Amino acid sequence: MAFRLTPQERGFYPLFTRAAENIAVAANELAELVAAPSAERAAIAKRVKDAENAGDEVTHAIMVKLNSVFVTPFDREDIYRLASSLDDVVDAIEEAADRIVLYRLERLPAGITMQVDVLCRAAAATAEAMPRLEKMAQLQDYWIHVNSLEDEADEAYHAVLAGLLSPDEAITDPAAVLEVIKLKEVVDTLEEAADAFETVANTVESIAVKEA
Amino acid sequence: MAFRLTPQERGFYPLFTRAAENIAVAANELAELVAAPSAERAAIAKRVKDAENAGDEVTHAIMVKLNSVFVTPFDREDIYRLASSLDDVVDAIEEAADRIVLYRLERLPAGITMQVDVLCRAAAATAEAMPRLEKMAQLQDYWIHVNSLEDEADEAYHAVLAGLLSPDEAITDPAAVLEVIKLKEVVDTLEEAADAFETVANTVESIAVKEA
Amino acid sequence: MAFRLTPQERGFYPLFTRAAENIAVAANELAELVAAPSAERAAIAKRVKDAENAGDEVTHAIMVKLNSVFVTPFDREDIYRLASSLDDVVDAIEEAADRIVLYRLERLPAGITMQVDVLCRAAAATAEAMPRLEKMAQLQDYWIHVNSLEDEADEAYHAVLAGLLSPDEAITDPAAVLEVIKLKEVVDTLEEAADAFETVANTVESIAVKEA
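Protein chains in written order, with this note's numbering: chain X, 38 to 249; chain C, 38 to 249; chain V, 38 to 249.
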């Protein structure tokens with residue numbers, strides 16, 4: 038673009054950075070929650086909820102700005118998609134934390150720890166990349182990295198699903214089936230978070246290709 | 038906008054009003070269905086299905102108009118989102134009614150009645166607000182109200198989920214687990230309807246902010 | 038449009054055709070997988086996965102082209118929606134194949150075969166219609182046909198759901214409930230594929246109405 042954006046129009050960039058930093062906070066809190074004894078989890082879930090609320094505010098600020106400025110640094114639809122997919126990440130992280138507490142899940146399979154670990158790395162990569170959006174600098178490494186993390190997340194997801202639903206020992210207790218249902222919901226929600234990170238990365242790629 | 042819309046272009050407004058009134062019909066029928074003895078539910082579900090079909094026709098009319106008029110009263114993408122999210126509401130209401138009958142569910146937990154009650158109130162608020170879209174008058178109260186109803190819906194959803202999946206008495210019967218699976222699908226679908234009402238409200242807010 | 042599209046801009050058409058042909062391959066492989074003895078399914082699922090990868094490449098090629106050409110044969114949002122919904126079809130087909138193998142499902146209910154059969158017919162109709170997109174010729178028959186296939190898919194879906202969740206003989210074995218959970222996931226995913234075919238058809242209708 039040949040013309041200069043005013044500070045008002047450039048104001049999208051810090052909001053995307055804040056959204057991504059907030060996601061990193063939520064992901065790290067979730068990792069702590071999963072590692073914590075079950076009695077301590079409700080307090081940590083509260084902090085994840087705080088991060089989700091902070092994310093909602095950032096999303097709302099982006100949408101209001103999107104609707105009120107005449108010139109945007111990139112396509113309106115791309116801004117909308119980027120904000121929505123960042124919001125989807127933090128929503129899914131919060132939902133996973135919430136369900137672990139709500140369902141009073143005690144023992145979490147190791148696969149869940151692996152899923153959350155991938156989310157923490159995707160969150161760090163996203164938070165590190167967002168400040169480069171303004172200069173469109175070195176973003177390719179970021180989206181390739183997140184796409185490979187999504188493959189890793191898929192593998193972890195598959196392993197934990199197979200373990201839950203096709204366990205080596207046959208399930209003979211109805212309460213154990215109920216436990217599977219609850220754990221599957223957490224595991225599916227973590228996979229949604231990983232998918233949403235990939236959508237964020239794909240949107241950034243799409244923006245970068247247009248600018249090139 | 039400085040120029041006048043032709044009647045053809047203004048024709049979107051009555052369609053949105055019809056879509057919202059139709060949702061109110063569907064929500065009220067669903068409330069009746071939930072309160073009815075199970076033997077009478079199939080007949081009521083048929084009426085909810087009729088409302089869904091009527092909704093499909095309105096959505097289709099909006100999309101055809103959207104594609105054929107040159108000037109629209111607000112952004113094409115906003116019209117698309119508003120029509121789609123109204124359609125999502127009635128689809129979810131119909132799916133919930135359908136599943137209750139299809140799964141031959143007898144006893145419905147009180148939490149479902151609470152969820153449906155919130156939906157009826159959100160439907161009334163939406164039907165009442167849509168005719169004001171043309172004048173963009175007093176819409177803020179509407180979207181604030183629907184957002185607070187969504188919080189109420191979330192609370193009802195959480196309570197009913199916890200009751201289903203972490204019941205006070207341990208489940209010892211495999212058939213009872215199957216019942217939980219079926220009820221959870223209904224409960225999840227009602228929550229989708231509440232979320233879709235919020236998307237309708239957020240889209241209206243987005244349109245109103247642009248016009249301001 | 039009064040002006041000519043360059044070959045570069047016309048290049049979208051062959052990509053949509055390739056995406057649809059690829060879906061037909063995936064659907065037919067899925068039909069083979071469902072009919073095969075369970076020991077042979079993993080090898081067939083591998084071929085469905087290959088089709089999904091091929092589909093991802095086509096989707097990516099469409100998105101890169103969309104972001105890099107200045108003139109598109111129809112609205113950017115429509116191209117985006119068409120590519121995304123074709124991608125959703127092949128993703129859902131692959132996920133269904135994957136789950137059947139991952140969960141080591143042996144006996145599949147007849148309703149699943151019916152669902153897959155409808156998908157194969159919708160895939161053939163879509164692959165047959167896509168080459169006509171450039172001339173906008175005889176597309177109405179196609180979208181009417183896919184909409185009626187979607188009704189057929191809904192019926193098959195309902196029947197198989199009712200059979201799984203409200204079986205004539207009461208379930209008394211916890212392992213049988215787990216089996217229901219696994220089969221329900223496959224059945225739901227097949228329904229998602231049918232819905233995505235309908236979204237493809239609706240998008241084509243939307244494009245055709247604008248051109249008319």
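There's no promise every hint is true.
To be verified - Below, computed lysine to any residue pairings styled on SDA-like, alpha-carbon distance capped at 25 Å:
| no. | chain 1 | residue 1 | chain 2 | residue 2 |
| --- | --- | --- | --- | --- |
| 1 | V | Lys219 | C | Ala199 |
| 2 | V | Lys219 | C | Asp225 |
| 3 | X | Lys221 | V | Ala162 |
Hints listed in this document are in silico derivations from the structure and should not be mistaken for laboratory results. Note that the structure is a prediction, hence the values are computed from the model and not measured.
**OP:** Identify every previously stated hint that the structure contradicts and give their numbers, smallest first.
**Re:** Of the numbered hints, just 3 does not hold.
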